[in-house]
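Residue numbers (our numbering), protein chains in the order written: chain A, 270 to 732; chain B, 1275 to 1432.
These are calculated hints, taken from the structure and not from any lab test. Misleading hints may appear alongside valid ones.
One side of the interface only, derived from the structure: several residues of chain B facing chain A at Cβ under 10 Å [what the hints assert, rightly or not]:
hint, residue
1, R1302
2, A1304
3, F1311
4, G1334
5, V1428
All C-beta atoms, glycine included, are put in the ideal place defined by N, C-alpha and C.
Chain residues, written in single-letter form:
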Amino acid sequence: MPRAARVDVAIVGAGLAGLTAARALVAAGRSVVVLEARDRVGGRTLNHDLGDGQVVEAGGQFVGPTQNHILGLAAELDVKTFPAYTEGEAVYVRGGRAKRYAGDVPPDPTALADVAVTMARIDRLARRIPLGAPWQARNAARLDAVTFDSWIRDTTVSAAGVDLVNIFFGSAYGGTAADASALFSLHYVAGMGDEDHPGSIARGIGVEGGAQQDRFVGGSQGVSLAMAEQLGDRVVLDAPVRAIDQNGRTVKLRTDAGVWQAGHAIVAVPPPLAGKISWSPLLPAPQAALFDRMPMGNLMKCEAVYDEPFWREDGLSGQATFRSPDSAICSMFDNTPPSGGPGVLMGFLGGRAWRALAHRPPRERRAAVLRTFARAVGREALRPRDYFEQDWSSEEWTRGGPTSVLAPGVLTALGAWRDRPFGLVHWAGAEHADYWNGYMDGAVRSGRDAAAAVIDVLEGTER
Amino acid sequence: MSMTELSETAVLAVPVERVWQVVSATNRYAEWVDGVFEVTDHHGEAEVGRTYAERNRTIGPLSTRSTWTVREIEPLTTRIDTGEGFAPLHEMTNVFRFRPVAVDGVEGAGTEMTYAVRYRVGLGPLGAVIDKVTQPGLRKAFQQSMRNLEDLIVAEGQ
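Construct all of the structure, not just a fragment, from the sequences and the given hints.
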C-alpha cells in the first residue's frame, strides 16, 4: 500500500498524549505517523457545535493552576483560556432541599467537621505517597487492601466525608470511593499539583484556584486540532490498530487502513484498549493483567442549552453540588461560551447514577437530568432549547471515562508495570502520568515523557 | 369504621396522552409519586390483574412495603388500583382520572387530573386520630405528585 513507508516512530492514538508525543518527535527531527481509530482527533476532548461558530465541550474541558503542561502547550498553539463562570451564589442540594451559598463551603454545618477532617487527612497522607512508586509508600499494602470509602469511614463520624469525596469522584472517577483502592486514590490526589506544589484535594475539587478554574476558548479539542494541523498528513484517521508485532528491530502495526513499520511505537490509548490489541509477542503477563485491571470509569456529560443563562440574572453561578445517592447528577456547572450565550448547564452523570440511568430510554434520562438541574436553578431548567449527552462508556475507542480507576490490590501487585516499555513499544496517555493522572495535563505530560524516552533510545542507538 | 376518601385535582400543562403514558409505566412511580422511595417489582405497562410493589414513606424516616394490584383501566380516562401494606389504613384504593383540557387557549394541550384514594382506618379511636393527622399531608403529597408528573413530562420534551 502506498503509505506503508517506514517511519521512526508510529504512535497509536491521536488524543492529547499521542499528538503531543508526535509533535515532540517531529521537533527532534524524527519521522512519525499517528494512527487514529476514529474519524477525528482529540480522544476524550470533543467539541460540540452550538451554532453561530460557538462550541461547548462534551469531554474534558477544565484546566487550572499547576497544570502547566497543558496550559503551556495551549499557549504555544495560541489556544486561549477564559475563567469558568463563578459570579453569584452556588447551590447545595441535599435530598430535596436546595440552599444557596457564597464561598467555597457548602451550608451543611453538621457535615463541616467531618469534611474538614477528611480533607486534611487525605492531604496529609497523600504527601507521603512517592509519586513515581506509590507501592513503596509506608503502609502501601494496608492502604491498597481497602477501598477509599472504607478508609474514610474508618475515622469519620458521619457519612459527610465520604459523600463529599463521592460528589468529586462522580465526575473525576466516573465512580465512587468504593470503586477505588485507598492507595490509588491517595496517589491520585498526590498528583494534583506539580513539582513545586504538592497535590491537594482542594485543588482537585476547586474552581477558583483549582482544577475547574479555566476553560479553553473555542473548546479543549482545539488544542488537539491545532496539533493535528501542524502534523498534517502524518495523522491518519480511521486507522484502528488491530495488531502490533515486534521482532527486536522493528515494530509492525496492522490497521484497517494498512500496515506501518516503525523503529519504535508509542501506544497512547486507554490501557484497557491497549490490552485488546493483538500483540506478538504477547504483552508480558503482568502488564496485560494490569491493563485488564485498569477499567475506565462510567461517565456521561449531560448539557442543556437555553436561549440565555437565566440563572445568572437570579444571582446564581450555575454551580451546584448534589449530595444525594439517588441524584442523577453529582455536580453541575455553567458551561456557557465566553460570549455569554447561549446559556449552557452541564452536569456529570457518573458511577452509581450512570448504572441506574445509562440503560434507560434517552427521554427518561433527559428528564432525570433536567429535573436535577431544576432543583438548583428553578423550573425554567426543564425547558431547554437543546439537550445533548456524551456517554464515554459507549464510545468504542474510549470505553469509559474520564480515567482508569484501580480497585484494591492492583497498584501494589502490578503498578510497576504501568509505564514499563515493552520492547520497542512505549506507553502514553492520561493514565500514564503521575501528576494530574486522568486529566488533560497528565495526557500532555505522558506524551512528552514517552517521546523523550524514545528520543533517548534513538540517540543512544545512533551514538 | 367508615371509608375515608381524599381527592385532589390539578391541571397539568401537558397532553393527556403523555400523562397516560407515564402513569401507565409501573416501573416509574418513584419518579413522580411523592412518598414512593422505590419501585421494587413491576410489570412494565399496567395490565389489569397484575401487580407491582413499592417502598413508601410513612412517618418521618420510616418506610413501608406495599403491593398494588391494577383493577381497572379505561385508556386516557381512568386507572384504579388497590393496595396492601399501609396499616393501619386498609382496603386502600387509588384512583386516577384524566380529562383533556385547554391550556393557553390550545385545546387538548393540558390534562385535568384527579388523584384520589379511598381507605378504611383500623385501630379504633387511635386510628381516627392518625387519619386526621395524616390527611393534610396526603393531600399535599397528591398535589406534589401531580406537579412532579407535569415537570417530568415537560423535562422529557413531550
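Consistency of the hints with the structure:
Hint on R1302 (chain B) holds. Least Cβ distance to chain A is approximately 8 Å, under the 10 Å limit. For the restraint placing A1304 (chain B) at the interface with chain A, the shortest Cβ-Cβ distance is roughly 9 Å, inside the 10 Å limit, so the hint holds. The criterion of a C-beta within 10 Å of any C-beta in chain A is met by F1311 (chain B), whose closest approach is roughly 9 Å, and the hint holds. Nearest Cβ of chain A to the Cβ of G1334 (chain B): about 13 Å, over the 10 Å cut. The hint is violated.
Contact between V1428 (chain B) and chain A, as hinted, is supported at the beta carbon level, the nearest pair being about 5 Å apart and thus within 10 Å.
Against the hints set out earlier in the document, a violation occurs for number 4 only.
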